Amino acid sequence: MKKKFTTRDLILCALFTALSAIGAFIRIPVPLVPFTLQITFTTLAGLLLGSKKGAISVAVYVLMGLIGIPVFTQGGGFSYVLKPSFGFLVAFIIGAFVTGLIVEKKQNPSFLRIIGASFAGMAFVYVLGAIYFYIICNFVINAPVSIGKTVMSCFVLVAPGNIALAILAALVAKRIIPILNRQNQSTVPQPKTV
1 MKKKFTTRDL
11 ILCALFTALS
21 AIGAFIRIPV
31 PLVPFTLQIT
41 FTTLAGLLLG
51 SKKGAISVAV
61 YVLMGLIGIP
71 VFTQGGGFSY
81 VLKPSFGFLV
91 AFIIGAFVTG
101 LIVEKKQNPS
111 FLRIIGASFA
121 GMAFVYVLGA
131 IYFYIICNFV
141 INAPVSIGKT
151 VMSCFVLVAP
161 GNIALAILAA
171 LVAKRIIPIL
181 NRQNQSTVPQ
191 PKTV
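Residue 194 is where the sequence shown ends in this note's numbering, and the numbering goes up by one at each step.
Honestly, I wouldn't trust all of these hints.
[Said to hold, decoys possible] In silico DMTMM-like pairs for lysine to aspartate or glutamate, Cα to Cα no more than 20 angstroms straight-line:
{"#": "1", "residue 1": "Lys-4", "residue 2": "Glu-104"}
{"#": "2", "residue 1": "Lys-149", "residue 2": "Asp-9"}
{"#": "3", "residue 1": "Lys-3", "residue 2": "Glu-104"}
{"#": "4", "residue 1": "Lys-174", "residue 2": "Glu-104"}
{"#": "5", "residue 1": "Lys-52", "residue 2": "Glu-104"}
{"#": "6", "residue 1": "Lys-52", "residue 2": "Asp-9"}
In short, the hints are calculated from the structure, not lab data.
Nothing here was measured: the structure is a model prediction, and the numbers come from that model.
Start from the sequences, fold in the hints, and give me the full structure.
Spelled out as C-alpha cells, the structure:
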C-alpha cells in the first residue's frame, strides 16, 4: 500500500524548504564557492524526512529559486543555472535522497549509520557540484579553472566545516528520529474491530 503525504508530511517538507533557504544566507565567504549552512539542512531533510520527502523539500527550494524567488545566495531566476555553484543546488536534492535512502532502511538507525548516510550524501553533493562547477567555468562562461583549483575551492576549503556540520546534523538526527518514529506510529490508523 502506497503511503500518502499527510498534512504533517507537507508541514515538515515546507519547514525543510524554508530551512534550506535560510541556510543559504548563513554563510562564510570562501573564494569561488560560498560556504553555507545549506548542506546541514539538506542533510537533515534526508535524515529526518527520508529519501523521497527529503528530496522533495530540497527540490521545492531549488524550484522556488529557479522561478525567480530570491532564495539562492545571489538571488534567483532561471539564469542561475549558468552559475558555477548551481550544480551544488541540484546535488543537494540527490544528497538528501541518498542520505534518506540509507537511514530509512532501519527503524531506529545507529549513530554510525546516520553519520555514514550524512557523509554519503555529502560525497554526492561534492562530486556532482564540482563536476558542474568545472564544466560551467571551462565550457560555458569562459572562466577557465584547473581541476586542482576546482578540487581546492569545491572540496578542500569547505570540507572541514561541512564534515563538522554533518556530524552536528547526525547528532541532531539521532535524537529526533526516535521522536518522529513514535509520532508516525501514533498517527497510523488502527484497523477497526467488529
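Restraint status (C-alpha distance of Lys-3 to Glu-104 at most 20 angstroms): The given pair, whose Cα atoms are some 14 angstroms apart, holds under the 20 angstroms limit.
Within a Cα-Cα threshold of 20 angstroms, do Lys-52 and Asp-9 meet the stated pairing? holds, 11 angstroms
With the threshold set at 20 angstroms, check whether the alpha-carbon distance from Lys-4 to Glu-104 stays at or below it. holds, 17 angstroms
Would the pair Lys-52 and Glu-104 pass a check requiring their Cα atoms to be no farther apart than 20 angstroms? Since the Cα atoms of Lys-52 and Glu-104 sit roughly 10 angstroms apart, the hinted pair holds (cutoff 20 angstroms).
Is it true that the CA of Lys-149 sits at most 20 angstroms from the CA of Asp-9? violated, 41 angstroms
Keeping to a limit of 20 angstroms between CA atoms, is the pair of Lys-174 and Glu-104 held or broken? holds, 13 angstroms
Going down the numbered hints, you'll see the structure goes against just number 2.
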